[in-house]
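Given the coordinates of chain A, assemble chain B onto it according to the supplied hints.
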Amino acid sequence: MDLSSDKRASTLPLTRIRIWYGILLLIVAVFGLRLFYLQVIRYGHYKTAALSDQLKQYEIPAARGTISAYDGGASVPIVLNQTLYTVYADPSYVKHPEKVAATLADVLGGSSADYRQKITRKGSRYVILAKKVSKAKKEQLLKHEYPGIGAQEQSYRVYPQGSLASQLLGFVNNDGKGVYGIEQALNSELSGRPGQLKAITDVHGVPLAASTNNVSTPAKSGDKVQLTIDLGMQKQMETILKSEYKKTRSQGLSAIIIDPYSGKVKAMANYPTYNPAKYEDVTNMKLYQNAAVSNAIEPGSTMKPLTTAAALDQHVVTPTTTFYDPAHWLVDGYNITDIEEDGGAREQSVSSILSLSLNTGATWLLMQMSGGGNKITMKGINAWHDYMVSHYLFGHDTGIEQGYESAGVVPANDASRPALALTYANTAFGQGVQVTALQMADALSSVINGGTYYKPTLVASTTDADGKVTTNKPKVVKQHVVGSKVGKQLEPLMENVVKTYLNEGFGYMRFPDRYMVGGKTGTAQVAQPGGGYYKNIYNGTYMGFVGGNKPQYVVVVFNIKPDVSGYAGSYGGQPVFADIAHMLIDNGYVAPKQ
Amino acid sequence: MTYSSSLALSQQHYASRHQNSVTFRAKERTIGPVSNTIILIVLACLLGLLYLTQVTKTNAYGYTINSLKEKQTQLQAQHDDLEVASARLQSLDRVQHSTVASSLTPVTPSGTVTD
Numbered sequence: 001m002d003l004s005s006d007k008r009a010s011t012l013p014l015t016r017i018r019i020w021y022g023i024l025l026l027i028v029a030v031f032g033l034r035l036f037y038l039q040v041i042r043y044g045h046y047k048t049a050a051l052s053d054q055l056k057q058y059e060i061p062a063a064r065g066t067i068s069a070y071d072g073g074a075s076v077p078i079v080l081n082q083t084l085y086t087v088y089a090d091p092s093y094v095k096h097p098e099k100v101a102a103t104l105a106d107v108l109g110g111s112s113a114d115y116r117q118k119i120t121r122k123g124s125r126y127v128i129l130a131k132k133v134s135k136a137k138k139e140q141l142l143k144h145e146y147p148g149i150g151a152q153e154q155s156y157r158v159y160p161q162g163s164l165a166s167q168l169l170g171f172v173n174n175d176g177k178g179v180y181g182i183e184q185a186l187n188s189e190l191s192g193r194p195g196q197l198k199a200i201t202d203v204h205g206v207p208l209a210a211s212t213n214n215v216s217t218p219a220k221s222g223d224k225v226q227l228t229i230d231l232g233m234q235k236q237m238e239t240i241l242k243s244e245y246k247k248t249r250s251q252g253l254s255a256i257i258i259d260p261y262s263g264k265v266k267a268m269a270n271y272p273t274y275n276p277a278k279y280e281d282v283t284n285m286k287l288y289q290n291a292a293v294s295n296a297i298e299p300g301s302t303m304k305p306l307t308t309a310a311a312l313d314q315h316v317v318t319p320t321t322t323f324y325d326p327a328h329w330l331v332d333g334y335n336i337t338d339i340e341e342d343g344g345a346r347e348q349s350v351s352s353i354l355s356l357s358l359n360t361g362a363t364w365l366l367m368q369m370s371g372g373g374n375k376i377t378m379k380g381i382n383a384w385h386d387y388m389v390s391h392y393l394f395g396h397d398t399g400i401e402q403g404y405e406s407a408g409v410v411p412a413n414d415a416s417r418p419a420l421a422l423t424y425a426n427t428a429f430g431q432g433v434q435v436t437a438l439q440m441a442d443a444l445s446s447v448i449n450g451g452t453y454y455k456p457t458l459v460a461s462t463t464d465a466d467g468k469v470t471t472n473k474p475k476v477v478k479q480h481v482v483g484s485k486v487g488k489q490l491e492p493l494m495e496n497v498v499k500t501y502l503n504e505g506f507g508y509m510r511f512p513d514r515y516m517v518g519g520k521t522g523t524a525q526v527a528q529p530g531g532g533y534y535k536n537i538y539n540g541t542y543m544g545f546v547g548g549n550k551p552q553y554v555v556v557v558f559n560i561k562p563d564v565s566g567y568a569g570s571y572g573g574q575p576v577f578a579d580i581a582h583m584l585i586d587n588g589y590v591a592p593k594q
Numbered sequence: 001m002t003y004s005s006s007l008a009l010s011q012q013h014y015a016s017r018h019q020n021s022v023t024f025r026a027k028e029r030t031i032g033p034v035s036n037t038i039i040l041i042v043l044a045c046l047l048g049l050l051y052l053t054q055v056t057k058t059n060a061y062g063y064t065i066n067s068l069k070e071k072q073t074q075l076q077a078q079h080d081d082l083e084v085a086s087a088r089l090q091s092l093d094r095v096q097h098s099t100v101a102s103s104l105t106p107v108t109p110s111g112t113v114t115d
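Protein chains in written order, with this note's numbering: chain A, 1 to 594; chain B, 1 to 115.
Bound conformation, chain B alone:
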């Protein structure tokens, strides 16, 4: 044990016993300029990567949106076609000339409308 370490131990003992005192400061560790630069570059790269992943992800959503919109347009067109087909099937001309209508038997007026 060196002198200085024994002194430090005795001081610690003294401090724990009397609870009054003295700060104990460990030796400060510092990062050199090269490390700083590397860390900054790495952080910048990470940020860039994060940005790129987010942009790519957002753009991927854009494709999904586009695909859904196309599907919506197709469904709308399909809906329009069905609506037209339904209206055509119910048209008065078609009903009038349908096989059901042509097979109806005319009856003598029942007298619903009377004088």
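For reference, chain A alone in the conformation it holds in the complex:
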């Protein structure tokens, strides 16, 4: 037996095993090194790559707050949210366009040919076929499972009352931002706060609950806003404005009903108006504006009650004071005159300044503020300027919850300004000063309520996402606008204006005895862009109150350039006021005298 060959034969398998073992170790080592490279050295890169696929980040939209108004004592929603759908097509995927177009026309309405043209449009991957499609129609359409046809949900503002209070409300544009009206003024409160979801998801985008790094912040819905507006008043006032707009061939009508003891606006409207659900269809952008707060005009003689109140407050006249009216005053070389019907030079009274609407009377009041006599001095100018700017707060925003409020214009009381006395004589009867209907309503409110200027408001309360209700209490902006007795002195003077018109044959100015109604007309000249005033174009204004034992509502009307035969105030502003006053009385909104 060959021992050496036996030994070789016995060690050969062992050597092979060792070689294979070595190869195996080598392979394992290669794998190990590769794993080390991938998992340790390239850890950051692959983690980022994996997360980019698995980690999804969503913004959870917050529901915009709804807006409600009062219907008597009940709260009625007038702006709500609704999820509707935008139906779109990707023409590159659409097959059988004839069939698809026919189905689209059948479900969505419209022309099949139009849809065919849209879904076969070349060079476009996204064509909108219809907007604001209901859920039922969307489902009816998508059940066909046509390739290239889809629907995307979107939350829209809906207005169950149609165009009611549209300019007061404003709308939400395509960027989800509130513009105009209360939507603009309270945009941040109404918008709420969007939530966020950051999570590792599965292939379908469903968050994996086991991931410890998920971040979920719920969305916070916007505040619900309860307006002070009374639906019944608002609706009827809008009907009146629409009717009077046609009757007076007006270029624009605005009116406000306000509670003088709290500053709460009960109705605020303009005509013409628009439907906020179709705001894209509006071609005249001015329609978006709430003219009652954004359009400052020269109010004309409706300023006279405020001039009278200022003179009464300064104790330079009393309600029974009489004076000789020469029927014209020469101020800075210009004649200030009255209308012919006022009867020329004669003895007049503080009461007849309002009932006859005497420009010379308003100028005389300014003269009395100047220290008496027949001159307008800086003393009187400064005093009247102070009343306009610091008492009635003309030239300042009222702060009402509306977009694009106008502050108006009060001429500066700069002594070096040429014809300053003439300018201020004009302001005493409402020319040369620009105010909004709301500012006039606030000013009269502050006089007749005993001298308190309340911040006008449209918001009764807000309710946040947690259900916490915040009541908007009346905010006093200024005390002692005028003395507490001035309002009581002014009321009969303004009631006398109403009686005077009634006696002159304006039958619609007859109101039941158990109610007090006072007011003042204004026929305001309209300034030309290049200076001076138009010859035959006027704005008709009216400022008054309606009440029982005391004035319950202040009403202001601005009728822009009415085409009426007669004074714009008497025939353009007054009928609107009368209609509103009758509406308030006839519908039981006013408590009669006890």
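If a hint is listed, it holds; no wrong ones were tucked in.
With a straight-line cut-off of 25 angstroms between C-alpha atoms, the simulated BS3-like cross-links for lysine-lysine are: (1) A/Lys137 with B/Lys69; (2) A/Lys198 with B/Lys71; (3) A/Lys220 with B/Lys71.
Simulated DEER-style distance windows between Cβ atoms: (4) A/Tyr37 with B/Gly48: 23 to 33 angstroms; (5) A/Val40 with B/Leu46: 20 to 30 angstroms; (6) B/Pro106 with A/Ala113: 48 to 58 angstroms; (7) A/Gly73 with B/Ala77: 25 to 35 angstroms; (8) B/Leu50 with A/Tyr37: 30 to 40 angstroms; (9) A/Gln594 with B/Leu75: 50 to 60 angstroms; (10) B/Ala77 with A/Gly72: 22 to 32 angstroms; (11) B/Leu40 with A/Ser52: 36 to 46 angstroms.
Hints listed in this document are in silico derivations from the structure and should not be mistaken for laboratory results.
Beta carbons: idealized from backbone N, C-alpha and C, even for Gly.
Below, chain B without anything else, positioned relative to chain A:
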């Protein structure tokens, strides 16, 4: 009986009689390294399995949560739709032009508001 076992028995007897003494230690049983490794591997596997079942279960809850959230969204949308429909049905224009309103007979003012 061996010598050692008989000795142990006699010692036990002695101990029970006099109650004083002596510890009786049984032979220690030890687990070898292979068994230890296997047990550790099995335990690790069990822990891994436990972890996996818990993660799967949690993720399954995630799907349930997701499904409930979808349902909540649908119900909210349904609620919004109903609220809108209700508000539209009560709108002043609709009431004004409703068949009920149009069939109302105008009456002479009853004199509720008097001079």
